[in-house]
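Use the sequences and the hints to build the structure in full.
Each chain, written out:
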Amino acid sequence: MINSSPLLRMEGVSKRYGGVRALEKASLEIWPGRIHCILGENGAGKSTLIKLIAGVVAPDEGHILLDGKAVSFASPAAANEAGIVCIFQELSLIPDLSVADNIMISDPPTRAGMIDRKQQRICAEEALAQAGAEDIHPLALVKDLPLSRRQMVEIAKALARKPRILILDEATSALTAADVTKIFAVLKRLRSDGMALLYISHRMHEIAELADECTVFRNGQKIETYKAGSKTNTEVVELMIGREYKNVFPPKPVKKSDTKLPTLQIINLSWTDRLRDISLSVQRGEIIGLGGLDGQGQRDLLLALFGVLRGCSGQVLIDGAAVKINSPTMAKSENIGMALIPEDRKTEGLMLPMSVRDNLSFAALHRISKGGIVDSAREQKLTQEMINLLAIKTANVDLAVGSLSGGNQQKVVIAKWLMNKPRIILLNDPTRGIDVGTKQELYVLLRKLADEGAAIIFYSTDYDELIGCCDRVLVLYDGKVTRELVGAEITERVLIASALNIDMEKVVHA
Amino acid sequence: MNAILDSQIFRLLRRFDPAVTTAFGCILLLLVVGGTYSSNFLSPEYLLQQLKVASFLGIIATGMMMIILLGQIDLSVPWVVTVGAMMSCAVVGHGTVGAILAIPFGILCGVAIGLVNGFGVAYLRIPSMIITLATNAVAQGLMVVYTGGFSPQDSASPAMRYLATGFVIPGLPNSVVCWAIVGALAVFLLTRTTFGRAIYGIGNRERAAYLSGINTRRIVMTAFGISGGLAALGGVLLAGYASKAAQSMGDAYLLPAIAAVVLGGTSILGGRGSYLGTVAGVMLITLLQSILSVMQMPEFGRQIIYGVVIIAMLLLYGREKLQR
Numbered sequence: 004m005i006n007s008s009p010l011l012r013m014e015g016v017s018k019r020y021g022g023v024r025a026l027e028k029a030s031l032e033i034w035p036g037r038i039h040c041i042l043g044e045n046g047a048g049k050s051t052l053i054k055l056i057a058g059v060v061a062p063d064e065g066h067i068l069l070d071g072k073a074v075s076f077a078s079p080a081a082a083n084e085a086g087i088v089c090i091f092q093e094l095s096l097i098p099d100l101s102v103a104d105n106i107m108i109s110d111p112p113t114r115a116g117m118i119d120r121k122q123q124r125i126c127a128e129e130a131l132a133q134a135g136a137e138d139i140h141p142l143a144l145v146k147d148l149p150l151s152r153r154q155m156v157e158i159a160k161a162l163a164r165k166p167r168i169l170i171l172d173e174a175t176s177a178l179t180a181a182d183v184t185k186i187f188a189v190l191k192r193l194r195s196d197g198m199a200l201l202y203i204s205h206r207m208h209e210i211a212e213l214a215d216e217c218t219v220f221r222n223g224q225k226i227e228t229y230k231a232g233s234k235t236n237t238e239v240v241e242l243m244i245g246r247e248y249k250n251v252f253p254p255k256p257v258k259k260s261d262t263k264l265p266t267l268q269i270i271n272l273s274w275t276d277r278l279r280d281i282s283l284s285v286q287r288g289e290i291i292g293l294g295g296l297d298g299q300g301q302r303d304l305l306l307a308l309f310g311v312l313r314g315c316s317g318q319v320l321i322d323g324a325a326v327k328i329n330s331p332t333m334a335k336s337e338n339i340g341m342a343l344i345p346e347d348r349k350t351e352g353l354m355l356p357m358s359v360r361d362n363l364s365f366a367a368l369h370r371i372s373k374g375g376i377v378d379s380a381r382e383q384k385l386t387q388e389m390i391n392l393l394a395i396k397t398a399n400v401d402l403a404v405g406s407l408s409g410g411n412q413q414k415v416v417i418a419k420w421l422m423n424k425p426r427i428i429l430l431n432d433p434t435r436g437i438d439v440g441t442k443q444e445l446y447v448l449l450r451k452l453a454d455e456g457a458a459i460i461f462y463s464t465d466y467d468e469l470i471g472c473c474d475r476v477l478v479l480y481d482g483k484v485t486r487e488l489v490g491a492e493i494t495e496r497v498l499i500a501s502a503l504n505i506d507m508e509k510v511v512h513a
Numbered sequence: 606m607n608a609i610l611d612s613q614i615f616r617l618l619r620r621f622d623p624a625v626t627t628a629f630g631c632i633l634l635l636l637v638v639g640g641t642y643s644s645n646f647l648s649p650e651y652l653l654q655q656l657k658v659a660s661f662l663g664i665i666a667t668g669m670m671m672i673i674l675l676g677q678i679d680l681s682v683p684w685v686v687t688v689g690a691m692m693s694c695a696v697v698g699h700g701t702v703g704a705i706l707a708i709p710f711g712i713l714c715g716v717a718i719g720l721v722n723g724f725g726v727a728y729l730r731i732p733s734m735i736i737t738l739a740t741n742a743v744a745q746g747l748m749v750v751y752t753g754g755f756s757p758q759d760s761a762s763p764a765m766r767y768l769a770t771g772f773v774i775p776g777l778p779n780s781v782v783c784w785a786i787v788g789a790l791a792v793f794l795l796t797r798t799t800f801g802r803a804i805y806g807i808g809n810r811e812r813a814a815y816l817s818g819i820n821t822r823r824i825v826m827t828a829f830g831i832s833g834g835l836a837a838l839g840g841v842l843l844a845g846y847a848s849k850a851a852q853s854m855g856d857a858y859l860l861p862a863i864a865a866v867v868l869g870g871t872s873i874l875g876g877r878g879s880y881l882g883t884v885a886g887v888m889l890i891t892l893l894q895s896i897l898s899v900m901q902m903p904e905f906g907r908q909i910i911y912g913v914v915i916i917a918m919l920l921l922y923g924r925e926k927l928q929r
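Respectively, the protein sequence lines represent chains A and B.
Sequential numbering from 4 applies to the first sequence in the working numbering.
Sequential numbering from 606 applies to the second sequence in the working numbering.
These are computed hints drawn from the structure, not numbers from a lab.
Where a beta carbon is used, it is the ideal one built from N, C-alpha and C, also for glycine.
Honestly, I wouldn't trust all of these hints.
[Stated by the list, open to error] To spell it out: a stretch of chain A is covered by chain B in this simulated footprint if at least three of its residues, at any positions, have a beta carbon under 8 Å from a beta carbon of chain B; those stretches are:
no.: 1; stretch: 350–358
no.: 2; stretch: 370–377
[To be verified] Distance ranges between label pairs, derived from CB positions:
no.: 3; chain 1: B; residue 1: Arg-812; chain 2: A; residue 2: Thr-113; range: 39 to 47 Å
no.: 4; chain 1: A; residue 1: Lys-384; chain 2: B; residue 2: Ser-853; range: 51 to 59 Å
no.: 5; chain 1: A; residue 1: Pro-98; chain 2: B; residue 2: Tyr-642; range: 58 to 66 Å
What follows is the structure, encoded as C-alpha cells:
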C-alpha cells in the first residue's frame with residue numbers, strides 16, 4: 004500500500020499546564036499502514052501528545068491536520084467521530100455490564116429507540132473476532148473476566164468504532180505473554196489493512212518487534228524520528244537522556260563503613276502480587292533511592308512500610324528489633340519515628356481549606372498538647388520554627404494552605420512531618436509539580452536531615468534526583484528489586500537500562 | 606509584630622463568616638416581621654420562652670454538628686431522643702436509686718446507640734446514612750416492644766423536671782443553662798482539643814488525616830457516641846419538660862437539627878463550620894417555627910418551608926464551591 008501523504012500531521016503543537024511546559028512545538032507525522040512508536044522517560048510529554056490527538060485537551064498553539072485539513076477536536080467523542088480511537092492504560096469498562104454492552108456503549112444499534120440486543124451481540128462478536136478474542140462470550144459480565152481478558156475487550160471496543168488511527172498507551176502492561184502475542188498479530192494485521200497505529204510502551208522488546216518508525220520525546224520536545232532498527236538500544240537510551248547536568252545537588256558525604264545496626268531493615272516483604280520478596284536496609288544518615296518505571300511497586304512499598312496496606316508478609320526491623328506496623332498512628336509513634344511524605348499533596352498530604360497552622364501541627368498534635376488540649380503558645384512556636392526552617396512563604400499562618408503556591412504547599416507537607424522529628428523519612432515522589440528553586444532547597448534539606456541522623460527512603464520518577472541525592476538506588480521492576488546501584492554506579496544510562504529491565508551488557512558495551 | 610496584628614485582623618474577619626452573618630441577619634428580620642405582626646412577639650417573656658424551646662433543639666443540633674463536620678449524617682436522632690426520654694423515665698419507676706440514675710441512664714442509652722452507629726461507619730464502612738437510618742428503626746422497634754405501642758405510664762423524675770423547667774439562675778430556665786454548658790463544652794472541644802482538630806481534618810480530607818497518623822476510626826466512633834448522648838440528653842430534657850415520654854416525640858427534631866447546622870454555615874460536605882453558626886441556625890429555626898405557628902401555618906406548610914430553606918442554603922454553598 005503506497006501513500007504519498009501522512010494521515011495525521013502535527014505542526015508546532017505546544018501545551019502548557021500552568022507554568023509547566025508539557026509539550027513544546029512538537030511535530031509528528033502518522034502514516035497509514037505503519038506502526039509508530041513513541042519513546043520517552045516519565046514526564047517527557049508522551050501522554051500530553053496522546054491527549055492532544057485524542058481530543059482530551061486542546062493545544063495552546065500549533066495545528067493538527069487530518070488528511071491535510073486542520074482539525075480541532077472539542078472532545079474525545081469528536082476525535083472518535085473523525086476516526087481516532089485511543090486505548091488507555093486504565094480500563095474504561097463498566098464491570099456490571101456485559102461484554103457486548105461495553106463494546107457498543109457509545110453507539111449501540113437501536114430499533115424504534117430501544118437497543119437492538121440481537122444486532123448489538125452480532126456487532127460485538129465481530130469486534131471480538133477482529134481483536135482475536137473469539138473465546139470471550141459477548142453476554143458475559145465484564146466483572147467476571149480476568150484482567151487480561153478485559154484488556155482484550157477494551158481493544159475490541161476500540162475496534163468496534165472502526166478507527167483510522169488507533170492509539171495504544173501502555174495497553175499491554177496488564178496482559179499475559181500469550182495475550183501480548185495475540186494482540187501483536189492483530190496489530191500487524193490492522194497495519195496491513197492500512198490502519199495507522201500509534202504505540203506507546205516502555206518495553207523495548209515490544210517496540211523492537213512492532214515499530215516501523217519511532218519518535219523520541221524528552222522534556223516536552225520532540226528529539227528525533229528514526230526508522231525502526233536503525234539505532235541500537237544504547238543510542239535510543241542516550242536520546243532519551245541527553246540532558247545537561249546542573250549542579251543543583253549538595254555534595255554526598257564519603258561513604259562510611261556499614262558496621263552499625265541498620266535503622267530500618269526489611270526482609271522478604273511481600274504484598275499481593277505488587278510487592279515480591281523485597282529486602283533492604285537503611286543506615287542512619289543514608290539516603291536510599293527507589294528507581295524504576297512508574298508503578299513498579301515503589302509506592303506500595305512505602306505505603307506498606309507506613310502501615311497502610313493490609314496483609315503484608317515479611318519482616319520489618321527497627322534498630323534490629325522486629326516490629327509490626329499496622330497503622331500510620333503506630334508508624335509515627337515515638338519508638339518507630341517514621342514519616343511518610345505522600346505522593347499527592349492535595350488529597351493525601353494536606354487539608355487544603357484548613358489553615359497553614361492547622362496543617363503544620365496536624366501530624367504532631369500529640370507533641371503540642373497535654374491531655375488532649377492543644378497548647379496554643381507551643382503550637383505557635385513550633386509552627387513558626389518550621390516556617391523559618393523551610394522558608395515557607397505565607398502572609399500568615401491563618402491562611403488556607405490551599406492558597407499557597409505548589410512549592411510552598413509541598414514544603415508544608417514536609418514541615419508537618421519534620422515537626423515530629425522523625426528518624427525514618429519515606430518520600431513518595433516529593434518534587435512532582437514544584438519549581439526548580441524549591442526542588443533545590445529540598446535536596447539540601449534532605450542531605451541535612453540525613454547528616455543529622457535520619458534514614459531516608461526516597462522514591463522519585465526523576466532520574467536526575469536519584470543520581471544527585473542518593474547514596475544507593477534500588478531499581479524495582481514488577482514489584483521486585485532487580486538491581487542495587489551504589490555510588491558511582493548510579494548513572495542515568497544504567498538507571499534507565501535497569502528500569503526497562505534490558506540486558507545490561509548490551510547497553511554498556513554495545 | 607506586624608504578622609501578629611495581621612493574624613488578629615484575620616481571625617476577626619474569620620469570625621464574620623458570611624453564612625453566620627446571614628443567619629443572624631435573618632433572625633433580626635424574623636423578629637422585625639414578628640414584631641409588626643404582633644407586639645407580644647418582642648416581649649422579654651416571649652423571647653425567653655423561645656430561648657427555652659430553642660435549647661432542646663440546640664443540644665440535639667450540637668451532636669448533629671459534630672457528625673456533619675465529619676462529613677457524615679446522623680439520621681437516628683428521632684428515636685435516640687425518644688429512647689433517652691423513655692429509658693430515663695423507665696428507670697424512675699425503680700425507687701430512689703432509679704430516680705438518681707434516671708438522667709445518666711437515659712444519656713448512656715443514647716451513647717450506646719451512637720457507638721453502634723460509629724462502629725458501623727468507622728469499622729464496617731457502612732455509609733452513615735444507611736446505618737443511622739437502620740439503628741433508628743431498631744430503636745423504634747425496641748421502644749414499641751417496651752411500651753406495647755402506647756404512651757408509657759412512667760413519668761419523669763423531679764430532677765428531670767427541674768433540669769428542664771427549674772431556675773438555678775433567676776429568670777433563666779435551666780434548659781437554657783444546660784444548652785449553654787453543652788455549647789461551651791462543644792466550642793472548647795472543637796477549637797482547643799486535638800479531638801476537635803481531628804474532626805475538622807477528617808471532614809476535610811479523611812485520607813490525609815489518616816496518613817497523618819490520626820486514629821480516624823476512633824475519632825469517628827467517639828463523635829457518633831457524643832451525638833447519640835446529646836440526642837438522648839435532649840430527650841431527657843423533653844421528658845422533664847412534658848413530665849413524661851411519648852411515642853415519636855423525637856420525630857420533630859431530625860430535620861430542624863440538620864437545618865440548623867446547615868443554616869449556620871457548616872458545610873454539609875464536612876470540615877467547615879463554627880459553633881456560633883449552629884447557635885444562630887437553632888435560633889433561626891425556632892423563630893421560624895414560632896412565627897409560622899403564630900400565623901397559624903398548618904404543619905404541612907412548615908415542612909415545605911424547612912425543606913425549601915435547606916435546599917436554598919445548599920445551593921448557596923454549592924455555588925461557593927464552584928467558584929473555587
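query: Mind checking, does the stretch 370–377 of chain A have 3 or more residues with a CB under 8 Å from chain B?
result: holds (count 4)
task: Can you let me know if the beta-carbon spacing of Pro-98/A and Tyr-642/B is within 58 to 66 Å?
output: About 59 Å separates the Cβ atoms of Pro-98/A and Tyr-642/B, which means 58 to 66 Å holds.
query: Is 39 to 47 Å right for how far apart the beta carbons of Arg-812/B and Thr-113/A are?
result: Since the Cβ atoms of Arg-812/B and Thr-113/A sit about 42 Å apart, the hinted range of 39 to 47 Å holds.
- prompt: Does the Cβ-Cβ separation between Lys-384/A and Ser-853/B fall within 51 to 59 Å?
  reply: Roughly 53 Å apart at Cβ, these two residues keep to the hinted range, so it holds.
task: Three residues minimum, CB to CB under 8 Å: does the stretch 350–358 of chain A make the cut for coverage by chain B? Let me know.
output: holds (count 8)
Hint check: no violations occur; every hint is consistent with the structure.
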